[in-house]
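Here the numbering used here is used: position 64 in the sequence shown is 64, and no number is missing along the way.
It should be emphasised that the hints constitute simulated quantities derived from the structure, not laboratory data.
Any given hint might turn out to be false.
Claimed, not checked - Quick list of in silico lysine to aspartate or glutamate cross-link-like pairs, EDC-like style, CA-CA up to 20 Å:
no. : residue 1 : residue 2
1   : K199      : E346
2   : K242      : E227
3   : K204      : D321
4   : K272      : D225
5   : K81       : D62
6   : K325      : E227
7   : K229      : D349
8   : K199      : D316
9   : K81       : D100
10  : K272      : E227
11  : K242      : E277
12  : K272      : E186
13  : K204      : E346
14  : K199      : D352
15  : K204      : E260
16  : K229      : D62
17  : K229      : D100
18  : K204      : E221
19  : K82       : E95
20  : K242      : E322
21  : K229      : D321
22  : K325      : E361
23  : K82       : E99
24  : K199      : E227
25  : K325      : E260
Stated by the list, open to error - Here are the in silico distance ranges between beta carbons for each label pair:
no. : residue 1 : residue 2 : range
26  : N61       : E221      : 24 to 30 Å
27  : R157      : C333      : 40 to 46 Å
28  : H366      : D158      : 33 to 39 Å
29  : E227      : E346      : 19 to 25 Å
30  : E278      : D158      : 35 to 41 Å
Where is the CB? At the ideal position from N, CA and C, for every residue including glycine.
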Amino acid sequence: MDSIGRITAAVSFLRWSAKGRSRRLNRIMSPEMRDMVDNCTSGWYSYPRTIRRCFVMLDKNDVLRALMEAGDGVSGAAIAKKLNVSRNAVWKAVEALREDGHEIEGGTNRGYRLAAEGNVITKPGVDRWRRTEAIAAQAEIHDCIGSTNSRAKDLARDGAAHGFLVAADRQDSGRGRFGRQFFSPEGAGIYISFVLRPKIPAEKAVMITSMAAVAVARAIESQCDAEVKIKWVNDLYINDRKVCGILSEASVDFESGCMEYVVLGIGVNVGKVDFPEELAGIATSIFNETGAIVNRNRLIAEIANRLEGLWDGLEDGAFMDEYRKRSNVIGRCVTVLRGSECFEAEAVDIDDQGRLVVRTESGTEHVGSGEISLKLKGVHY
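Based on the provided sequences and hints, a complete structural model is requested.
Have a look at this one:
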């Protein structure tokens, strides 16, 4: 039997072989054949000692997690034993991690040590800094996706747990409020969405966006020397330029009047970004403003940590005092756009329901977030 025929026979054998018959498969496939299978299915588990280990996809993140847990170093054999895979599969995973930018010292017969974590978004990388029970405990990480919010909504409808995270290195169809496009270049930001299941009435939905704005502002400030301001209701600014946008989308149970779920989308410009001409005077990034090189995994984790820390105060709005203090709107003249209506006003406050309080010649008005856009005079938007 030729090589391909033997591989085909082995795969067919897997369909009916039980664990107790795995020795028979050992006789079918020599060590050379196992390497051939491993080379033909790069990134998979090579054939090992038990049926369970055959032809199962090896997640390089499992190897990354093992390296993080090892700290000072660990042999390839030890990783292989822990993950129940071959050393060859471990070596391939290490090479893939190096291509992703992780600095891994060592090699064959010398052991491996994670000298420096790359700035690639990974679940182990987020977990390294995460201190939450629910927020970001489960996650999907994508190299590229149309929209993290769209994917999170699909997952929410399918029953995804509270706190489920969807993250991407790039979005092809990222969007902000009112359907505006959100610029989402590869490797330069964090584009994340959380599935949230709040037990509050639908009319308080704006509080989730307000809470998220405070959480993200705290998280950004924890990673760089910057003062983050909030432009009501969902944009974060550094030095009068937008560094972050937030988009909340909800599904409401009409019988109870409560929200079935909320998808909270957050986009933060992190690294060096060359913005297109139409955004150059409006948007910025953490690096562009501060020069700080921020670990994207840590920033995601810090956002999750702070969201969970504020969650219990969602209904009573315990974070609203900080939201008001961070506002770059209060006390300034604004242009309120509401459908086809446009009028000048002075922003005088933000109430405990998250509504903007404006003063016009006709009196004081409380403006809901779903009704307006704002353009600040003298502030980039």
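Evaluated hints:
no.: 1; hint: K199 x E346; verdict: 34 Å, violated
no.: 2; hint: K242 x E227; verdict: 12 Å, holds
no.: 3; hint: K204 x D321; verdict: 17 Å, holds
no.: 4; hint: K272 x D225; verdict: 16 Å, holds
no.: 5; hint: K81 x D62; verdict: 12 Å, holds
no.: 6; hint: K325 x E227; verdict: 12 Å, holds
no.: 7; hint: K229 x D349; verdict: 15 Å, holds
no.: 8; hint: K199 x D316; verdict: 12 Å, holds
no.: 9; hint: K81 x D100; verdict: 24 Å, violated
no.: 10; hint: K272 x E227; verdict: 19 Å, holds
no.: 11; hint: K242 x E277; verdict: 15 Å, holds
no.: 12; hint: K272 x E186; verdict: 11 Å, holds
no.: 13; hint: K204 x E346; verdict: 24 Å, violated
no.: 14; hint: K199 x D352; verdict: 18 Å, holds
no.: 15; hint: K204 x E260; verdict: 13 Å, holds
no.: 16; hint: K229 x D62; verdict: 38 Å, violated
no.: 17; hint: K229 x D100; verdict: 33 Å, violated
no.: 18; hint: K204 x E221; verdict: 27 Å, violated
no.: 19; hint: K82 x E95; verdict: 19 Å, holds
no.: 20; hint: K242 x E322; verdict: 19 Å, holds
no.: 21; hint: K229 x D321; verdict: 13 Å, holds
no.: 22; hint: K325 x E361; verdict: 26 Å, violated
no.: 23; hint: K82 x E99; verdict: 23 Å, violated
no.: 24; hint: K199 x E227; verdict: 32 Å, violated
no.: 25; hint: K325 x E260; verdict: 31 Å, violated
no.: 26; hint: N61 x E221: 24 to 30 Å; verdict: 29 Å, holds
no.: 27; hint: R157 x C333: 40 to 46 Å; verdict: 42 Å, holds
no.: 28; hint: H366 x D158: 33 to 39 Å; verdict: 37 Å, holds
no.: 29; hint: E227 x E346: 19 to 25 Å; verdict: 23 Å, holds
no.: 30; hint: E278 x D158: 35 to 41 Å; verdict: 37 Å, holds
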